[in-house]
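When you line the sequence shown up against the working numbering, it's residues 1 to 226, in that order.
No lab work stands behind these hints: they were computed from the structure. Check the hints yourself; a few may be wrong.
[What the hints assert, rightly or not] Now the in silico label distances, taken between C-beta atoms and shown as ranges:
no., residue 1, residue 2, range
1, Ala108, Val131, 32 to 38 Å
2, Phe112, Ser22, 42 to 48 Å
3, Leu30, Leu99, 28 to 34 Å
4, Phe145, Gln19, 44 to 50 Å
5, Ser155, Phe81, 44 to 50 Å
Here the structure is a predicted model, which means the values were calculated and not measured. Note that beta-carbon positions come from the ideal geometry of N, C-alpha and C, so glycine has one too.
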Amino acid sequence: MGEEPQREENRGKEQRDKQQLSRSFGWLALLGVVLVIAGLVGLVYTGLATLTSMFLFGWLLLIGGVVGLLQAVQQRHSNSFWLAVIVAAVNLAAGFVILRRPEASAEALTMFAALFFLTSGVFRLVGALVVRGANFGLSLVQGAFGILLGVLILSSWPGSSLYVIGTFFSLALLFDGLSLVALGMGARRILGLVREDEAAELSEGPDAEGGAAEKRPAGDQEQSNN
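Start from the sequences, fold in the hints, and give me the full structure.
So, in structure tokens, the structure goes:
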């Protein structure tokens with residue numbers, strides 16, 4: 001007699017947990033939509049996206065420097081105290097400079113990105129020509145693309161600093177948002193299929209029990225006839 005209410009209570013708890021999980025995945029998909037919209041807006045207004053990304057980067061450095069300094073003070077008796085203080089001071093100084101001069105900081109980061117693309121493309125291209133492995137063609141294309149991208153950015157520098165950082169930042173937001181939307185919608189679809197399967201099992205349950213109950217008297221009657 002006590003098993004049926006307990007079973008109903010567990011079933012209701014599972015349904016509430018699934019609804020909460022589905023709601024969480026819905027919020028995740030909504031966050032993905034917001035990131036996609038922000039990425040598309042950033043691709044249209046690349047200059048604004050560049051300045052926004054520089055301000056965010058500067059504030060992250062400032063906050064990281066403050067947190068690192070507080071942790072260093074709490075661990076002032078450790079051997080790494082002065083190293084933690086120096087790292088925190090560098091983060092604070094870099095964050096302050098970026099917030100004061102976002103345009104010059106964007107130019108410096110754009111130069112760094114161009115040199116990174118150029119050097120990584122050269123190393124990848126030379127490595128592909130020397131090794132000639134299974135992915136020779138792909139490595140060759142990636143190396144050539146990195147060199148081309150680095151040369152294009154350097155050829156129009158410092159004017160390219162107005163849109164390079166913003167374009168990369170917007171593309172990152174766009175792809176992250178699309179992945180979150182796909183994850184949230186896919187998870188909600190899987191939960192919906194699980195609910196349909198459970199509903200089908202529940203609807204078939206009484207019929208199956210009734211059929212089993214009908215078969216048992218028939219079997220007992222055959223045994224009595226024998």
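Hint numbers contradicted by this structure: The structure breaks none of the hints.
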